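Here the structure of chain A is known, so what remains is to put chain B in place on it, guided by the hints.
Listed here are the chains, written in short residue letters.
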Amino acid sequence: MELELLLKGFSVVLQPSCFGLILLGTVSGVLIGSLPGLTATMGVALLIPFTFGLPVHQGVGMLLGIFCGAIYGGSISAILIRTPGTPAAAATVLDGYPLNQKGEAGRALSMSIFASFVGGFSGALIMTFASPQISKVALEFSAPEYFGLAIFGLSIIISISGNSIVKGIISGFFGMLISTIGLDPMAGYPRFTFGSMDLFEGPAFIPTLIGLFALSEVFKGVEVLYKQEAVKMVKQQLLPSLADIKRTWVTILKSTAIGTFIGSVPGAGSDISAFVAYGEAKRSSKNPENFGKGEISGVAAAEAANNACTGGAMIPMLSLGVPGDAVTAVLLGALVIQGLQPGPLLFKDHIDIVYSIFAGMMMANFFMFLVGIFGIRFFVKIISIERSFLIPIIFLLSIVGAYSMRNSLFDVGLAIVFGIIGYFMQRYDFPASPILLSLILGPLAESSLRRAMIVSQGDFSILFTRPISLTLIILAVASLIASAIMQVRLEKKMLAEQTRQDNSD
Amino acid sequence: MKIPDIIAGILGLLISVHVIYTAHFFPEDKVLLLGPSFFPTVLAAGLGIFSLLLLTTALRGKSRPGGDPFNINDPGVHRAGISLLATIVYCLVLSTLGFILTSTVFLFGLMLLLKRRDYLKMAAVSLGVTLLIYGIFNRLLDISLPAGFLG
Chain A
1 MELELLLKGF SVVLQPSCFG LILLGTVSGV LIGSLPGLTA TMGVALLIPF
51 TFGLPVHQGV GMLLGIFCGA IYGGSISAIL IRTPGTPAAA ATVLDGYPLN
101 QKGEAGRALS MSIFASFVGG FSGALIMTFA SPQISKVALE FSAPEYFGLA
151 IFGLSIIISI SGNSIVKGII SGFFGMLIST IGLDPMAGYP RFTFGSMDLF
201 EGPAFIPTLI GLFALSEVFK GVEVLYKQEA VKMVKQQLLP SLADIKRTWV
251 TILKSTAIGT FIGSVPGAGS DISAFVAYGE AKRSSKNPEN FGKGEISGVA
301 AAEAANNACT GGAMIPMLSL GVPGDAVTAV LLGALVIQGL QPGPLLFKDH
351 IDIVYSIFAG MMMANFFMFL VGIFGIRFFV KIISIERSFL IPIIFLLSIV
401 GAYSMRNSLF DVGLAIVFGI IGYFMQRYDF PASPILLSLI LGPLAESSLR
451 RAMIVSQGDF SILFTRPISL TLIILAVASL IASAIMQVRL EKKMLAEQTR
501 QDNSD
Chain B
1 MKIPDIIAGI LGLLISVHVI YTAHFFPEDK VLLLGPSFFP TVLAAGLGIF
51 SLLLLTTALR GKSRPGGDPF NINDPGVHRA GISLLATIVY CLVLSTLGFI
101 LTSTVFLFGL MLLLKRRDYL KMAAVSLGVT LLIYGIFNRL LDISLPAGFL
151 G
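Residue numbers (my numbering), protein chains in the order written: chain A, 1 to 505; chain B, 1 to 151.
Because the hints were derived from the structure by calculation, they are not lab data. Please note that the accuracy of each hint is not assured.
Below, simulated DSS-like cross-link-like pairs (lysine-lysine); rule was C-alpha separation at most 25 Å, straight line [unchecked claim]:
1. A/K235 x A/K293
2. A/K293 x A/K254
3. A/K381 x A/K102
4. A/K381 x B/K62
5. B/K121 x A/K220
6. A/K136 x A/K348
7. A/K246 x A/K235
8. A/K348 x A/K8
9. B/K62 x A/K492
10. A/K102 x A/K246
11. A/K220 x B/K115
12. B/K30 x A/K381
13. A/K246 x A/K293
14. A/K235 x A/K102
15. A/K286 x A/K246
Computed from a predicted structure; not experimentally measured.
Bound-form chain A, shown alone:
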């Protein structure tokens, strides 16, 4: 039955129009990923408007292409100019750039695309078989369980808080407050709308997103001018040598498993999974001293893990409606715009679309492989594009993207307001990702809590007496404590590092 559905999914994505759009998305994704400063989140947010008029499987297929392509694309600039194109490729710099310095950039790039493909494709396969099973469990959920799920999703805010827990939590609360703007979901009472009809449905998701993630980058880009690095043309190598594959295949498989698992835990994104896999590859290596000096297994570990993470992050997004990371939060928004609500009911009501998403994800990884092999010379040139051209283009795409959802100038203003907020947040170390997560999970938390209270006639104990909701709440508390401990350790380490640097100056 599942195989049949998957084959049906493939028959949909293999139609020329869908096929072409996934390819277009993948090329755009690699392009966006390879340009430092443009993240996968920003890429998907900026290109969502291009999918508005498309049928669901075509639009979502294109966005999946951007997602997979961008995560791989980050490795190109990481290897060639020591600047990760996306945060996911930060671990790739460690050995990718030293390989380039040794004159082996072609070897590093071919390993990067090979490991990315194995990781990404396997992650997509695991997603295909795991998501339906999880959604079956989730079908039993009612209001208290959904509340537990929303709280569990929100508990990861600390782990995406960056340098300061307090600032991350403030961003989270701010985001949830923004999500309360508009008509109250249960009683229909207008809240914080300042009398504006445009705010009755709350601030529109896409303009808010574009403001926070794209326009803020424009303002930042205008403030900080930096010189474009020249990129040398590399000696091309299509695929890694057999010797390199033999040397790295265990690492690639292990990193794929690590990446998919970490991706499926809400909050832990591809950057974290790449570092964890890199650490594990170094720990289990016979020559750990080679890591950081141009070890090919280091590139393989980081790239297999960060691409496997894409499939992993889709699992909770599709089956539970809780995004695995910032990009899947944007994808979730895109599905909602298309009239679909990710979660167990999606599997019940739109199983055909779900399987076309699975097939599209695999297809996107396949295209990524081809584009990576044959397009590398083109992307090497693209990295050299001047930022003084790139920033104005991002600006224009942001404005058009914000406008086109409802043909509304109000939404353009909204994007600009959030762009200004995002710029100041970025400048003063307030992370923007918690806002994104809160905008998605805040309304789910509120409506499910209030529904649960109607059922229990105001008795809060309903949240703690049902096994699944209790488990989710315990997991949320455990996740909060664990990430707080990890974050405090990280903060201490950074403080010690800062003091050490100050003393040495």
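Relative to chain A, chain B alone:
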């Protein structure tokens, strides 16, 4: 003492107080039990507590290092300020002047701000990119962008 943290803390507190005060006037709901004010009030209280924490930490001089220092004389800050203001002006005149004219002029200005001085290339890219995006959205995606007085 970290001024930006103090300002952010005060802003957070003000938002929190405003939300709690406004939510106080929302109607109670006997049927739904938890009315429209419940969730915003809880969230605003949370925001208030953590804003206060940020504020007191900053006042005690124990803020974490990080964030770019704000220097009013920094040319980068001037450029960012100009781009922020220009973006607001862009939004205000977009419907009157239309997408093509406003965007072409704005893109040219933005490139100027980014220290480009090859005027011919700048003009060509500004107009070319604007027309390309206009074409894609207007023709291919059937999304009409503001035409302004030219329309």
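Worksheet entry | Enumerated hints in conflict with the structure, sorted upward | Violated hints: 4 and 12; rest satisfied.
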